[in-house]
Amino acid sequence: MLQEPASSRGSSGEAPCKVRACSRIVIVMPFATPRSEPAIASQVDILAETRAGSPTALAALYEEHANQLFAVAYRLLGSRDDAEDVVHDVFVGLPEALRRYEERGSFAGWLRTITARVALARIRETSARPTIDIEEAHVVAPARSSDASLTLDRALRDLSPSLRTVLVLKEIEGFSHAEIAAMLDISVGASEVRLHRALQALRATLKNEKSS
Amino acid sequence: MPFSRRRDISDFADAIRPELKSLPAPEPSKELLPRILASREAGARIILPDVPSEPSRTRFKVVGVGAAIAAAMLLSVIPRERSHDGSSDDAWASPIFLGNAAFAQTTSRAPLFPPISVTRAGMLRPMSVQLARRYLDRNGKLTMEHRSDVSLSPAVVNNKPAWKITSLERDVFAKPISIAETLYVARSDLRMLSRAVHVSPYRRFERINIQQRFLGDSVSGRMTTDGPSIGAGRVIARKLDPEFGPYLSDAFAPMFLMAAPLHRDWRGSASLLGWSVIPNDVFAPLSMRVEGEERIKVPAGTFDCWRVVMEIAGKRITFWARKSDGLGVRVYDASDASTGGPREVLLLSVR
Chain A
0 MLQEPASSRG
10 SSGEAPCKVR
20 ACSRIVIVMP
30 FATPRSEPAI
40 ASQVDILAET
50 RAGSPTALAA
60 LYEEHANQLF
70 AVAYRLLGSR
80 DDAEDVVHDV
90 FVGLPEALRR
100 YEERGSFAGW
110 LRTITARVAL
120 ARIRETSARP
130 TIDIEEAHVV
140 APARSSDASL
150 TLDRALRDLS
160 PSLRTVLVLK
170 EIEGFSHAEI
180 AAMLDISVGA
190 SEVRLHRALQ
200 ALRATLKNEK
210 SS
Chain B
0 MPFSRRRDIS
10 DFADAIRPEL
20 KSLPAPEPSK
30 ELLPRILASR
40 EAGARIILPD
50 VPSEPSRTRF
60 KVVGVGAAIA
70 AAMLLSVIPR
80 ERSHDGSSDD
90 AWASPIFLGN
100 AAFAQTTSRA
110 PLFPPISVTR
120 AGMLRPMSVQ
130 LARRYLDRNG
140 KLTMEHRSDV
150 SLSPAVVNNK
160 PAWKITSLER
170 DVFAKPISIA
180 ETLYVARSDL
190 RMLSRAVHVS
200 PYRRFERINI
210 QQRFLGDSVS
220 GRMTTDGPSI
230 GAGRVIARKL
240 DPEFGPYLSD
250 AFAPMFLMAA
260 PLHRDWRGSA
270 SLLGWSVIPN
280 DVFAPLSMRV
290 EGEERIKVPA
300 GTFDCWRVVM
310 EIAGKRITFW
320 ARKSDGLGVR
330 VYDASDASTG
340 GPREVLLLSV
350 R
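Top to bottom, those sequences are chains A and B.
At position 147 of the first sequence the residue is numbered 146 (numbering that gives the first Met the number 0), and the sequence of numbers has no breaks.
At position 3 of the second sequence the residue is numbered 2 (numbering that gives the first Met the number 0), and the sequence of numbers has no breaks.
Restricting the straight-line Cα-Cα distance to at most 20 Å, the calculated cross-link-like pairs of lysine to aspartate or glutamate (DMTMM-like) are:
#1 B/322 <-> B/264
#2 B/29 <-> A/81
#3 B/238 <-> B/49
#4 A/206 <-> B/7
#5 B/29 <-> A/63
#6 B/140 <-> B/170
#7 B/29 <-> A/62
#8 B/322 <-> B/303
#9 B/296 <-> B/324
#10 A/206 <-> B/10
#11 B/159 <-> B/188
#12 B/159 <-> A/191
#13 B/29 <-> A/84
#14 B/29 <-> A/80
#15 B/238 <-> B/216
#16 A/206 <-> B/18
#17 B/20 <-> A/157
#18 B/29 <-> B/40
#19 A/206 <-> B/13
#20 A/206 <-> A/157
#21 B/314 <-> B/136
#22 B/322 <-> B/292
#23 B/20 <-> B/10
Rather than coming from a laboratory, the hints here were simulated on the basis of the structure.
Could you build all of it, start to finish, from the sequences and the hints given here?
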C-alpha cells in the first residue's frame, strides 16, 4: 500500500490503491515572501538588550510600560508607595524574567500579568486591607475627576480586599475568570462568586451614596 | 440608565464597567526609574513569578476541564522514530496523522491561503475510526506499524456543546509504547478548548504529560513527567497568532476537513499545534489545496476522494478526504522526517 502519490510520479504512474483517477491538476505551491516586521524587530532588539542587562533598554521599557503597570498595581493595592514598590520589583527582576519570555505572546500583557501577580503577593504578605491616606486621596483624584468618579473610587475602596481584587482584575484589567482563578489560587466558580458579590456590594454602596 | 439604578447585576456590571475603567490613576514618581536602575547597578535581583501560572490539578477537576479529565483516563507511548535525545526540556510533539512536521515550526511566512472556513461543523457526528500508520526504511523494509483508535463523541465544556476527541495509538510490534491524546473542541466552530497528550515511555521518563488550555489567542498549560526520574515540569504559555489559525491538533486531523466545504478549487490554511513546550514546537502553518479527485481503496473500503496536497514546514504531504463527508482515508508522506522513508496512514475501519 505504501506507494508514491500519483501526482509526483508523472501521468503514466498508476498506484495500486487507486482504481480510477477522475481528474488531476498539478499545482505548484508558491512560496510567500518573508514578512517584514520592523516594529516587532525593534521590540525584539529592546528585549534582547534588556535581557543582556542594558540599563538603557530597561529604561526604554520602563518609559513605555511603567504608567500602565503602576495603575494595575495601584488599583490592586490602593497605596501609591506599595504600587511603586511593585513596579520597582518588576523592573528590577525583568532582565532575568525575560529569559523565560519566548517573545511569542503579548509583551504588554505578559508584563501586566506579572505585575498583578507581584501585587497580589504583596497583598498576601501584608494580609492587611489596603488603606489610603489623605495625601494619596488627592493624588488619586485629579482636578478633572467628577463627583461620580470620586464616589465610585470610594465605593471601590470600601470593598473587602478579596472582592475588590477580583473586581479590579476582571472589570478594569480585563482578565478572565480562569486567569484570575490561577492568580489567586481559587476556583473559577469562586472567582465568579466573588465578582458577583463585589458588584452587589458596589451597587449597594452607590445606592446609599446616592440616597444620602 | 445610570449604573446606580440598574436592577440586574449583569446589567449593573455592563453599566459600571466603563466607569471603572475610566477611573483616574496616579503616575509613578519621577524618582522610581532612577531607583530601579540604582538597584540593578547595586546588584539587586528579584525572581518574578512565571506567568501565566497554571491552576492546580484540584481546581482542574472541580471545573471539569477536559485536560485533567483526560489525564486521568489515558496512557501512552513514545514514538521510537524520535532520533534525538536530551532532557525533558526538549519535549516536542509527535503528530501521528500528519507526521513530525510541527517540530520544524516556521512562522516567517504569512499563510499561503485564506484560513480554512469551518462552515460545515454540523457534518461531524459521533464516530470511531481505526487507522494504521506504517513506515518503511530507505530500503523499502517495513520498520514500524502503529494502530490508532480515534473517537469523536459529544461532550459539554463550560456548559457549551463540545466534541471530545480521543486518540490512542499503539505499536503493533507489541512494544510497550503508546501515545494518547484527548482533545475538546467547541462544537460550533471546532475551536480547541483543552488538550491532554500522554506519551509513555518518554526517554528516561515513564511518561510525559502535556496539558493545554486554550484561552483567546493563547495556549497555556504544563508539561510534567512521571517516574522513575521525576522531572520538574515546565509551564506552557504561548501565543497562537490568529493570523495562522485555525489551529488543529493531529488527533483531530482525520476529521477536521469534514467541516470544510471541499470542492475542486478549494484551498485553505491552518496550523498544526505542537506541544508548545519549546519555542520551535508551538505550531506549524499548514497550507492545503485540493489537487484532484481519485477513487481510493483502503482497508475500510473504496471511496471517491478529494486529493488534498498539504505543505507543512517545507514538506509536501498528500491527504485523501472522502467526498461524501470529508473524512481522511489516507495520508502519504514520501519522506518522513524521522525515518527518511515513506510514511503512510490508512483508514482501517469507521463506524
